[in-house]
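What follows is each chain in one-letter form.
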Amino acid sequence: MGATTSVHRTVDAVWRMESAKVIAALARYTRDVGLAEEMAQDALVAALEQWPVEGVPRNPGAWLTTTAKRRAIDQIRRRENLNRKVEEIGRDVREATPDASEGIEDEIGDDLLSLIFTACHPVLGTEARVALTLKMLGGLKTEEIARAFLVSDSTVAQRIVRAKKTLADAGVPFEVPEGPDLAPRLASVLEVLYLIFNEGYSATQGDDWMRPELCAEALRLGRVLAELAPKEAEVHGLVALMEIQASRAKARTGPGGEPVLLLDQDRGKWDWLLIGRGLQALERAEALNQPPGPYYVQAALAACHARARKAEDTDWQQIAALYQVLARISPSPVVELNRAVALSMAFGPAAGLALVDEIAGEKALRGYHLLPSVRGDFLMKLGRTDEAKAEFEKAASLTRNEAERTLLLERAAACDQTGTLAGRAGAS
Amino acid sequence: MRFMVFVRSPRSLAVCGGDALLRAGVLLDAGDLVAGVCGVSGYWLIDVRDREEAVERVRRIPLPACVVEIRQVAVV
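Residue numbers (UniProt numbering), protein chains in the order written: chain A, 1 to 428; chain L, 1 to 76.
Just so you know, the hints here were simulated from the structure itself, not pulled from any lab data. Just to be clear, a hint being listed does not mean it is correct.
What the hints assert, rightly or not - Heads up, incomplete: computed chain L residues facing chain A, CB under 10 Å, no partners named:
no., residue
1, Asp19
2, Val26
3, Asp32
4, Leu45
5, Val48
6, Asp50
7, Glu53
8, Glu56
9, Pro64
10, Glu69
11, Ile70
12, Arg71
All C-beta atoms, glycine included, are put in the ideal place defined by N, C-alpha and C.
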């Protein structure tokens with residue numbers, strides 16, 4: 001590896017580590033996240049030019065921040081109505097030495113938290129929030145975000161430009177929300193992190209079923225948030241949920257890349273270090289003694305599976321009870337469908353079927369292939385094979401996933417054999 | 001990528017400033033090892049994107065005079 005390449009790789013690493021802090025520190029002064037991000041990018045370009053020649057500075061983060069602040073001063077000087085800010089930043093840069101930032105780790109925590117809340121502001125659409133979060137907090141380059149979401153570089157670039165403009169136009173303050181604003185704003189942040197994680201865990205597009213780099217980034221940001229906001233139980237709940245789900249990554253696909261369902265997974269392939277971390281995060285959430293939120297309950301559900309060394313050891317009664325809680329705080333027909341599965345496992349297929357029949361008319365479940373799939377499963381277990389076959393065939397016609405369709409048609413065909421065997425047994 | 005960072009230091013790892021790794025969301029595990037001839041030793045297990053990030057993150061920690069070894073954890 002050449003010396004220049006080596007320095008560029010170091011610059012990349014430093015950028016990923018420092019960019020969010022640099023942007024956050026700048027945004028505190030400029031009160032303009034868009035300008036802060038642009039100036040931080042300028043500092044990165046300067047680093048790429050200077051460090052290969054002059055060497056990597058002893059404190060690269062401070063170097064980037066100072067350089068970006070100087071660029072910000074130049075920018076702001078061009079704006080006559082912002083003279084006051086020039087003085088503030090000028091004073092700060094004059095007083096700053098490269099070593100001065102070594103002790104500011106705690107101080108910038110608030111800035112970082114403000115940046116998280118700004119990037120995830122509800123005034124932005126979901127895609128914009130995701131792109132801005134990965135760019136400003138994850139330190140990902142535009143092309144890396146584009147690759148992760150299988151869209152063009154220009155699409156991501158446009159999303160980011162528009163997002164920054166929207167924030168500026170809306171006059172979104174660079175601050176940590178307080179009082180009644182905090183809960184909905186925190187929910188927006190957690191939603192973004194979980195969306196990033198889920199896109200990595202169950203990719204909605206492309207050939208790959210998983211994109212681990214997105215899971216890793218969401219997990220890292222979640223852990224950062226947990227340290228910045230340690231008194232928020234839902235943050236720990238989300239971290240717990242992501243840690244436990246990530247622990248199953250290697251067991252979720254078979255040798256041919258085919259999905260392996262949770263109860264069929266080889267639990268020896270689960271990452272027990274992540275499970276341990278997830279359970280610890282869940283304990284942190286519980287210790288805060290706050291009303292259970294949806295992430296906490298989902299994490300508790302994931303933990304029920306994680307605690308069972310074998311699938312048959314799963315505590316289905318506890319899972320059914322947790323789904324009841326989830327249905328209360330975050331009602332949805334899909335939650336009810338999951339609750340039906342848990343009821344079936346805990347109390348028998350008739351209990352599950354009763355609930356499924358209650359929710360079968362829900363508009364949201366119309367065209368949802370898992371409804372007939374689950375119903376077919378209950379009917380088959382109850383020995384009503386003709387009805388089960390019809391349900392599996394209906395589910396196969398609704399799914400858009402080829403592997404799943406094959407599986408459902410196999411189950412429909414198996415109903416014929418089961419029915420025939422039952423008939424013979426009855427005849428003898 | 002996961003990296004195991006072994007630190008041979010005259011001081012316990014707990015006082016060596018590993019909090020920065022925790023705040024950065026990359027610390028998975030940490031612990032002290034039984035003291036050897038070089039003094040107290042310990043480890044950090046970190047999850048970062050590449051070796052350069054692992055090195056840079058460890059470089060930022062104000063460690064006392066010590067020996068640091070950074071090894072990538074094999075993925076099975």
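Problem - Numbers of unmet hints, in rising order - result: As far as the earlier hints go, 3, 9, 10, 11 and 12 are violated by this structure, in ascending order.
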